[in-house]
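Sequence order for the protein chains is B and E.
The first sequence begins at 88 in our numbering and counts up one residue at a time.
The second sequence begins at 3 in our numbering and counts up one residue at a time.
Please note that a few of the clues may not be correct.
Quick partial rundown of chain E residues pointing at chain B, CB under 10 Å, derived from the structure [claimed, not checked]:
id: 1; residue: Arg53
id: 2; residue: Ile112
id: 3; residue: Val119
id: 4; residue: Ile123
id: 5; residue: Pro124
id: 6; residue: Tyr128
id: 7; residue: Trp135
id: 8; residue: Leu218
id: 9; residue: Ala249
id: 10; residue: Ile251
Pair by pair, the computed Cβ-Cβ distance ranges are [said to hold, decoys possible]:
id: 11; chain 1: E; residue 1: Phe50; chain 2: B; residue 2: Pro239; range: 45 to 51 Å
id: 12; chain 1: B; residue 1: Gln95; chain 2: E; residue 2: Ala109; range: 14 to 20 Å
id: 13; chain 1: B; residue 1: Ala106; chain 2: E; residue 2: Arg29; range: 56 to 62 Å
id: 14; chain 1: B; residue 1: Gln178; chain 2: E; residue 2: His21; range: 16 to 22 Å
id: 15; chain 1: E; residue 1: Leu35; chain 2: B; residue 2: Leu329; range: 43 to 49 Å
id: 16; chain 1: B; residue 1: Gly246; chain 2: E; residue 2: Arg29; range: 26 to 32 Å
No wet-lab data here; the hints were simulated from the structure.
Even glycine gets a Cβ: it sits at the ideal position worked out from N, Cα and C.
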Amino acid sequence: MTAKQDRQRSMLRATLSIAAAAAIYEALARSGIFAAALLPPLGSVFKALWDSLADGTMELHALFTMYRVMFGFGLAVAIGIPLGILMARFQRIENFLLPLVSALMPIPSFALVPLFMLWFGIGNTTTVLIVFYAATFPMLFNTWSGVRSVNPIWLRAAGAMGADERRLFWKVIIPGAAPFIIAGMRQSFLRAWIAVVGAEMIAASDWGLGWVIFDAKEFLNADLMVASLIVIGAIGFMTERLVFGSLERLTVMRWGMLRDARS
Amino acid sequence: MPIDAAVATDRAATRATGHERWHAVWRNAFPFLVCGAVWEIVARAGIFPPRLFPPLEVVAAALVRLTIAGILPHHALDTLLRLLSGFAIAAVGGVAIGIAMARSRLAEDIFLPLVAVAAPIPGLAYAPLFLLWFGLGNVSAVLLVGFVAMFPVIFNTWSGVKAVKEIWLRSAQAMGADNRRMFTHVIAPGALPYILTGLRLGLAQAWRILVAVEMLAAVPWGLGWMIFGAREFLNTDVMLSGIAVIAVIGLTLEKQVFQRLENYTVVRWGMMTQ
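So here's chain B without its partners, still in its complex pose:
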């Protein structure tokens, strides 16, 4: 009972806190200390959001961005998981790839944007490749450490019960590594989402949420900027919670390998 009351009080305070922040912002925006073009009142932000949603441009921008993210992220998953498994299972492959991976990983994906712009031009190819580069390493690394951390007792038990290589792989190694792999997918989607916005800003094409923000700066459209910030945040948040959250619930939580912190 007290826990519920506690939570209600927290919710109330959270709402109050956001409302207070909004009120302070609104007061600042209306006070005229800063130019209205730089600090738009919330009303005009929501109007910009509504207008761009109503005429379909925002949806189209979001669609372009999603397409690039999903393409790059899909490539990263398709390459990162098998490579990670190979690295964990074969010492030679690990010896070859690990130094390369640890040298490439600290290079921020954005450092490659100008190079890729030269090589592949402005547009989808560059953005997708940057997303792919950003998303591959967390995927690879997590899969690698996941497969390595599969409990050896499970492997031996399965072997003793007569599992052959293929069944060992599908029934023991993959489920055992799944929490790591899903965590890796989560991380790499987050990276991909960051990378796509930056890549769209620098390697500007003419569609995409990152490009909208950057383009709006040129025309001092701060309201449109904040509106697309809201859209970017909302999409990222929802993918994280809905897609990966339910993926986790359907697999590793159901198998009892990871408990829900909330329950």
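Following the hints, put chain E in place on chain B, whose structure we already have.
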């Protein structure tokens, strides 16, 4: 005689470890040699114009030329200064907010919703807004890096302080620790592994975003700006040498700074194994 024998075995031992060390060096260098060779073959085959795909010795020459001229060190130094000042903002602000959130219910209720709303937005998306507010140049770049790197620090500090075992707090209290000593002797060391993780994540985030911010904010010096500027003149060799310097700095930050820090503190206290 025994002394001689001891020396001999000692020598044998050093030779063995020396041999092993060479083996490790070779094992680590081999993949790079293969990749370098492939790069060189592709570059010399003339499939791509050499302006866009320069052979490695051209890149190395550019690296040496720029280093001797003092251009590359100047760019790198400015980038590092920007990284450090942004990271300092993130570390101080993030740890302070995180501790406040964990220790006071009111602070938690105020800050958590704001942080939860602002954190999932990719840091670079704020860049145009910061540029608009603070103008092109250093101020925007440093503030943005600090702002973005603050979130992992806040989250980790917050959960670290909350994860300090209740029993430690109670036993410290029973032994008569006042609030200040409780903080310095129990809470801070107990939360330190988490805080260090947060700082590490924050630094990594700051580093990733800084390069892009330098491209967007038109700072006068900086590695990101150098790479971006080189594109205009098709100076792929300059770009590649900039990327190489970025990789070296990133690797050094990760291996030298944070692993050392961890070894000196939490590993030595036995709170974390290597």
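Taking the hints in turn, this is what the structure says about them:
{"no.": "1", "hint": "Arg53", "verdict": "9 Å, holds"}
{"no.": "2", "hint": "Ile112", "verdict": "5 Å, holds"}
{"no.": "3", "hint": "Val119", "verdict": "7 Å, holds"}
{"no.": "4", "hint": "Ile123", "verdict": "4 Å, holds"}
{"no.": "5", "hint": "Pro124", "verdict": "4 Å, holds"}
{"no.": "6", "hint": "Tyr128", "verdict": "7 Å, holds"}
{"no.": "7", "hint": "Trp135", "verdict": "6 Å, holds"}
{"no.": "8", "hint": "Leu218", "verdict": "6 Å, holds"}
{"no.": "9", "hint": "Ala249", "verdict": "5 Å, holds"}
{"no.": "10", "hint": "Ile251", "verdict": "8 Å, holds"}
{"no.": "11", "hint": "E:Phe50 with B:Pro239: 45 to 51 Å", "verdict": "47 Å, holds"}
{"no.": "12", "hint": "B:Gln95 with E:Ala109: 14 to 20 Å", "verdict": "19 Å, holds"}
{"no.": "13", "hint": "B:Ala106 with E:Arg29: 56 to 62 Å", "verdict": "60 Å, holds"}
{"no.": "14", "hint": "B:Gln178 with E:His21: 16 to 22 Å", "verdict": "19 Å, holds"}
{"no.": "15", "hint": "E:Leu35 with B:Leu329: 43 to 49 Å", "verdict": "46 Å, holds"}
{"no.": "16", "hint": "B:Gly246 with E:Arg29: 26 to 32 Å", "verdict": "30 Å, holds"}
In this structure, every one of the numbered hints holds.
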